[in-house]
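There are 2 protein chains.
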Amino acid sequence: MKTINVNLDERSYPIYIGGSILSDKELLKRHITSNQILIVTNEKVAPLYLEIIEKNFVKFDCEIFILPDGESYKTLDSLNQIITKLMKKKFSRTCVLVALGGGVIGDLTGFAASCYQRGVKFIQIPTTLLAQVDSSVGGKTAVNHPLGKNMIGAFHQPHAVLSDTSVLKTLDYREFSAGLAEVIKYGLIRDENFFCWLEENIDLLIGRDSDALAYAIERSCINKAEVVGIDEKEMGYRAVLNLGHTFGHAIETSLSYKEWLHGEAVGCGMLIAADFSKRLGFLEQKQFNRIQLLIEHIGLPTKIHKNVEFDQMLENMKIDKKSRDGVLHFVLLKNIGEAFLTSDYSEKDLKEAIKEYFC
Amino acid sequence: MKTINVNLDERSYPIYIGGSILSDKELLKRHITSNQILIVTNEKVAPLYLEIIEKNFVKFDCEIFILPDGESYKTLDSLNQIITKLMKKKFSRTCVLVALGGGVIGDLTGFAASCYQRGVKFIQIPTTLLAQVDSSVGGKTAVNHPLGKNMIGAFHQPHAVLSDTSVLKTLDYREFSAGLAEVIKYGLIRDENFFCWLEENIDLLIGRDSDALAYAIERSCINKAEVVGIDEKEMGYRAVLNLGHTFGHAIETSLSYKEWLHGEAVGCGMLIAADFSKRLGFLEQKQFNRIQLLIEHIGLPTKIHKNVEFDQMLENMKIDKKSRDGVLHFVLLKNIGEAFLTSDYSEKDLKEAIKEYFC
Numbered sequence: 001m002k003t004i005n006v007n008l009d010e011r012s013y014p015i016y017i018g019g020s021i022l023s024d025k026e027l028l029k030r031h032i033t034s035n036q037i038l039i040v041t042n043e044k045v046a047p048l049y050l051e052i053i054e055k056n057f058v059k060f061d062c063e064i065f066i067l068p069d070g071e072s073y074k075t076l077d078s079l080n081q082i083i084t085k086l087m088k089k090k091f092s093r094t095c096v097l098v099a100l101g102g103g104v105i106g107d108l109t110g111f112a113a114s115c116y117q118r119g120v121k122f123i124q125i126p127t128t129l130l131a132q133v134d135s136s137v138g139g140k141t142a143v144n145h146p147l148g149k150n151m152i153g154a155f156h157q158p159h160a161v162l163s164d165t166s167v168l169k170t171l172d173y174r175e176f177s178a179g180l181a182e183v184i185k186y187g188l189i190r191d192e193n194f195f196c197w198l199e200e201n202i203d204l205l206i207g208r209d210s211d212a213l214a215y216a217i218e219r220s221c222i223n224k225a226e227v228v229g230i231d232e233k234e235m236g237y238r239a240v241l242n243l244g245h246t247f248g249h250a251i252e253t254s255l256s257y258k259e260w261l262h263g264e265a266v267g268c269g270m271l272i273a274a275d276f277s278k279r280l281g282f283l284e285q286k287q288f289n290r291i292q293l294l295i296e297h298i299g300l301p302t303k304i305h306k307n308v309e310f311d312q313m314l315e316n317m318k319i320d321k322k323s324r325d326g327v328l329h330f331v332l333l334k335n336i337g338e339a340f341l342t343s344d345y346s347e348k349d350l351k352e353a354i355k356e357y358f359c
Numbered sequence: 001m002k003t004i005n006v007n008l009d010e011r012s013y014p015i016y017i018g019g020s021i022l023s024d025k026e027l028l029k030r031h032i033t034s035n036q037i038l039i040v041t042n043e044k045v046a047p048l049y050l051e052i053i054e055k056n057f058v059k060f061d062c063e064i065f066i067l068p069d070g071e072s073y074k075t076l077d078s079l080n081q082i083i084t085k086l087m088k089k090k091f092s093r094t095c096v097l098v099a100l101g102g103g104v105i106g107d108l109t110g111f112a113a114s115c116y117q118r119g120v121k122f123i124q125i126p127t128t129l130l131a132q133v134d135s136s137v138g139g140k141t142a143v144n145h146p147l148g149k150n151m152i153g154a155f156h157q158p159h160a161v162l163s164d165t166s167v168l169k170t171l172d173y174r175e176f177s178a179g180l181a182e183v184i185k186y187g188l189i190r191d192e193n194f195f196c197w198l199e200e201n202i203d204l205l206i207g208r209d210s211d212a213l214a215y216a217i218e219r220s221c222i223n224k225a226e227v228v229g230i231d232e233k234e235m236g237y238r239a240v241l242n243l244g245h246t247f248g249h250a251i252e253t254s255l256s257y258k259e260w261l262h263g264e265a266v267g268c269g270m271l272i273a274a275d276f277s278k279r280l281g282f283l284e285q286k287q288f289n290r291i292q293l294l295i296e297h298i299g300l301p302t303k304i305h306k307n308v309e310f311d312q313m314l315e316n317m318k319i320d321k322k323s324r325d326g327v328l329h330f331v332l333l334k335n336i337g338e339a340f341l342t343s344d345y346s347e348k349d350l351k352e353a354i355k356e357y358f359c
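Chains as they are written, first to last, in this note's numbering: chain A, 1 to 359; chain B, 1 to 359.
Treat the hints as calculated values from the structure; they're not laboratory data.
Any given hint could turn out to be false.
The list cannot tell twin chains apart, which means a pair is met if one copy fits it or any two copies do.
[What the hints assert, rightly or not] The calculated SDA-like cross-link candidates involving lysine to any residue, where the alpha carbons are at most 25 Å apart (straight line), are:
no.	residue 1	residue 2
1	Lys233	Asn7
2	Lys334	Arg190
3	Lys88	Ile64
4	Lys59	Asn335
5	Lys334	Phe282
6	Lys121	Arg11
7	Lys90	Asp211
8	Lys89	Tyr345
9	Lys90	Leu314
10	Lys89	Thr342
11	Lys29	Met235
12	Lys169	Glu232
13	Lys303	Asp77
14	Lys88	Ile206
15	Lys89	Glu347
16	Lys25	Glu51
17	Lys233	Leu8
18	Lys348	His329
19	Lys25	Asp61
20	Lys351	Leu293
21	Lys90	Lys233
22	Lys89	Leu314
23	Lys88	Glu54
24	Lys90	Met313
25	Lys89	Ser343
With the hints as constraints, model all of the structure from the sequences given.
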C-alpha cells in the first residue's frame, strides 16, 4: 500500500493506494471519529462493495443512501435528499459521510458534507479510475445546474481517500478509458516523463495490470496533490488541471450530461486544446501527433458527438468557470508537460480549432 | 462614520457604521471589483433602498433579484433561483453579489455567493438591526431545511459590510426589538459594561437615538468580530454567540418559522438559558432578575408561543448544531458578561427550565 499526503495545513489528508484497501479492517475505521456514519453510494456500486464497507460499522449508527447511477443525479435535488436523511436521523455536526462510488457520488457527497450544518467530515472511497485519479483528490465538490456543470459547489477537503485498484478490474472499458483521459492530462500539463511512461505502458494499463495501475494512480495523485497544495482555491495555477475541460464541459452541457462520460468529453476536449495550442504556434505538430495517437489508441472519441451543435457549444463555453468578467481563459500547451493559462487568442482561431472536431 | 475591522487574515473585511452610508457615492464602489453585479433584496426593502443602491451601478452589468419578504423564503429553492439568474446572465466567478436586506436576504445571498462556481464575492448591506449586529457579520451563511433552521450553509465571509443607522428609523418596532435581543446577547456573553450601558440607555435606543444606535451597533460588532477572529469556524469558543439559540431555534422550528421573528425566539431563549443557568447554580437570582427585567422592558416575549408543544420542542432541540454525537451542549451564563459551553446538566433540570416558560 502506498500513502500520498495532500499537504494543506490543518486540512491535510492521506490518499491510500493499493490492491486490498477495501478488505483492510483497520484503515477506514482509523479515520472515523463519530458514531454517526452515512454511506452514500449508487445502485451500480452498492451490490459490489457496500457490504464490505458496511462491515466496518456494525456497532455504529450507520445509515445508507443509495442513488440511481448517472451524472443526471448530481443535482441540488439529490443533495436535498441527503440532507433530509441526515436531518431525519438527527445526525449532528460531528457525523461522517462516506462517498462510495465514482465522481458523481464523490462530488455530491462532498458538497453535502460541506454544507450540512456548514461542514461535516467526509471520506472518499472512489470506485472508478476517474474518481481515483481526479475527483476524489483536491476538495472540489459540486452539483450540476441545468445550465452548467459543477456550477453549485464548494472547496471541501476529504478526511481521507481510499483507492483500491482491485475495483478497476470489473470496471467496463468505457468507464476505464474515460479515467485514462485524466491520467494522460497529468502527463500533458506538468509531467513529461509520466507521459512518456504512459506511451510505453498504455497496453499494460488497458490490460489492468495491477502494478501499472497503482503506478499510474500514484503519479496522477502526486501531480494533483502538488497542484492543489500550491493553489487550493484555484486562484491561478490550479486552473491547469482543467486542460480540455472548457471544451469538454461545453460538450457535456450540450448533451445534457447524457451520451458521453465526463472523461470522454475531456479526452476530446484535450485534443481540441492541443489543436488550438498548435494553431496559436505554441505546440509543435510532432507533439500534437503524439497526443492524438495516445488518445486514439485508448479509444477515446476524437470527434465531437453528432448531437452537439456548433453555436450551442460556443454559447455553453461562455459560462465556464475560467471566464473572468466575461473573457474566457484557456489552458493551453507549450510542450508535452507544460501547460499555461491564457486569454490571448483570436476568436477565429478558437472557432477553427473547434470546427475541426465536428464530423 | 466608524470602521471596524474583522481580522481573519486574507478574509479580513471592514464594517462601516454611520448615519449616511447609503448616500455615500464612493464607499460601496470601492469594494466592487467586477462589472457583473447582482443585487438580491426583497419586496419590502426594494421600494425603500433599491434605487439608491442601483445608482452606484449605472455603467455596470447590474442585475436585480427580488424575493418576497419572510423567513419562509430562506430555502434551497430560493438559492436555486438566484443561481439560475446568475447562470442565465452568464455571470462569471469574478462577479459580486450584494445583499440588501435583513438576515434572510443576507444569509441566503451569502450562501449563494459561497457556492456559485464554488465561491464569489459578496457585500452585505443590512437593513434591520438584527442583521446589522449579528447576521451580516462573521460569515455564517445558510438556508433553512423544513426540519431545521440554517441546516444547509457555509462559512463565507463578506467582502465588506455597510450598516446605515438611518434605515432603522423606519423599522417597525417588532423588528427593532427582535434586533435588540441580539444586542443584549453581547452584553450577556462577554461584555458586562455594555450590559450596564444597555440597562441605562435602553429608552434612548427604543427612541432610535442616532448616537445610541451607532454605539450599540459598534459595540455589538466589535464583540462579534473578536469572537469570530478567535474561532471563525465554530470549533469551540464561537458557540457562545448562540446563547439562547438552542431554545430559540427549537421554538422557531416548532412554529415553522412563522408567528415569531428570530430575535423574539432568541429573546425568549436567552431567558430560558438564564433560568437554566440559575437552576444549575451558575447564575445568581439577582442577575437573573436584571436579565428578565431588560427583556421585559423591551417587550420581547417572556413565554413560549402557545402553538409550541413541549414534546415537539424537545424533539426539535436534538438536531441543534451544538449537538455532538447526539449529546446536546448548552451555552449558559456564570455571570452577566460570562458565558460558557457545557453538556454537564440533568435532563430533569433542562425540562423544568423549559416547562417554566410554557403558559
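Hint by hint, here is what the structure shows:
1. Proximity of lysine 233 to asparagine 7 under the C-alpha cut-off of 25 Å is found in both arrangements, the shortest distances being 14 Å within a copy and 20 Å between copies.
2. In this assembly of identical chains, lysine 334 and arginine 190 lie within 25 Å of each other by CA distance solely inside one copy; the values are 11 Å within and 58 Å between copies.
3. For the identical chains of this complex, lysine 88 and isoleucine 64 are intra-copy neighbours only, at 13 Å inside a copy versus 36 Å across copies, given an alpha-carbon limit of 25 Å.
4. For the homomeric pair lysine 59 and asparagine 335, neither the shortest alpha-carbon distance inside one copy (54 Å) nor that between copies (42 Å) is at most 25 Å.
5. Only within a single protomer do lysine 334 and phenylalanine 282 lie at most 25 Å apart by alpha-carbon distance; the minimum there is 5 Å, versus 69 Å between protomers.
6. For the homomeric pair lysine 121 and arginine 11, the shortest alpha-carbon distances inside one copy (11 Å) and between copies (23 Å) are both at most 25 Å.
7. In this homomeric assembly, lysine 90 and aspartate 211 never come within 25 Å of each other (Cα to Cα): the closest approach is 44 Å inside a single copy and 45 Å across copies.
8. For the identical chains of this complex, lysine 89 and tyrosine 345 are inter-copy neighbours only, at 24 Å across copies versus 53 Å inside a copy, given an alpha-carbon limit of 25 Å.
9. Taking CA atoms no more than 25 Å apart as the test, lysine 90 paired with leucine 314 passes between copies only; the shortest distance there is 13 Å, against 46 Å inside one copy.
10. Only between protomers do lysine 89 and threonine 342 lie at most 25 Å apart by alpha-carbon distance; the minimum there is 23 Å, versus 48 Å within a single protomer.
11. In the homo-oligomer, the alpha carbons of lysine 29 and methionine 235 lie at most 25 Å apart only across protomers (23 Å), although the nearest pairing inside one protomer, at 35 Å, exceeds that limit.
12. Neither within a single protomer nor between protomers do lysine 169 and glutamate 232 lie at most 25 Å apart by alpha-carbon distance, with minima of 32 Å and 45 Å respectively.
13. Proximity of lysine 303 to aspartate 77 under the C-alpha cut-off of 25 Å is found in neither arrangement, the shortest distances being 33 Å within a copy and 38 Å between copies.
14. For the identical chains of this complex, lysine 88 and isoleucine 206 are neighbours neither inside a copy (44 Å) nor across copies (41 Å), given an alpha-carbon limit of 25 Å.
15. Taking identical chains as interchangeable, the C-alpha atoms of lysine 89 and glutamate 347 lie at most 25 Å apart only when they sit on different chains, with a minimum of 21 Å there against 53 Å within one chain.
16. With identical chains, the CA atoms of lysine 25 and glutamate 51 are at most 25 Å apart within one copy only, with a shortest distance of 13 Å there and 63 Å across copies.
17. Taking CA atoms no more than 25 Å apart as the test, lysine 233 paired with leucine 8 passes in both settings, with 11 Å inside one copy and 17 Å between copies.
18. Taking CA atoms no more than 25 Å apart as the test, lysine 348 paired with histidine 329 passes inside one copy only; the shortest distance there is 15 Å, against 62 Å between copies.
19. Proximity of lysine 25 to aspartate 61 under the C-alpha cut-off of 25 Å is restricted to the intra-copy arrangement: shortest distance 18 Å within a copy versus 56 Å between copies.
20. With identical chains, the CA atoms of lysine 351 and leucine 293 are at most 25 Å apart within one copy only, with a shortest distance of 23 Å there and 72 Å across copies.
21. Taking identical chains as interchangeable, the C-alpha atoms of lysine 90 and lysine 233 lie at most 25 Å apart only when they sit on different chains, with a minimum of 21 Å there against 32 Å within one chain.
22. Proximity of lysine 89 to leucine 314 under the C-alpha cut-off of 25 Å is restricted to the inter-copy arrangement: shortest distance 15 Å between copies versus 45 Å within a copy.
23. In this assembly of identical chains, lysine 88 and glutamate 54 lie within 25 Å of each other by CA distance solely inside one copy; the values are 20 Å within and 42 Å between copies.
24. In this homomeric assembly, lysine 90 and methionine 313 come within 25 Å of each other (Cα to Cα) only across copies, at 14 Å, whereas the closest approach inside a single copy is 44 Å.
25. In the homo-oligomer, the alpha carbons of lysine 89 and serine 343 lie at most 25 Å apart only across protomers (21 Å), although the nearest pairing inside one protomer, at 49 Å, exceeds that limit.
When held up to the earlier numbered hints, the structure conflicts with 4, 7, 12, 13 and 14 and fits the remainder.
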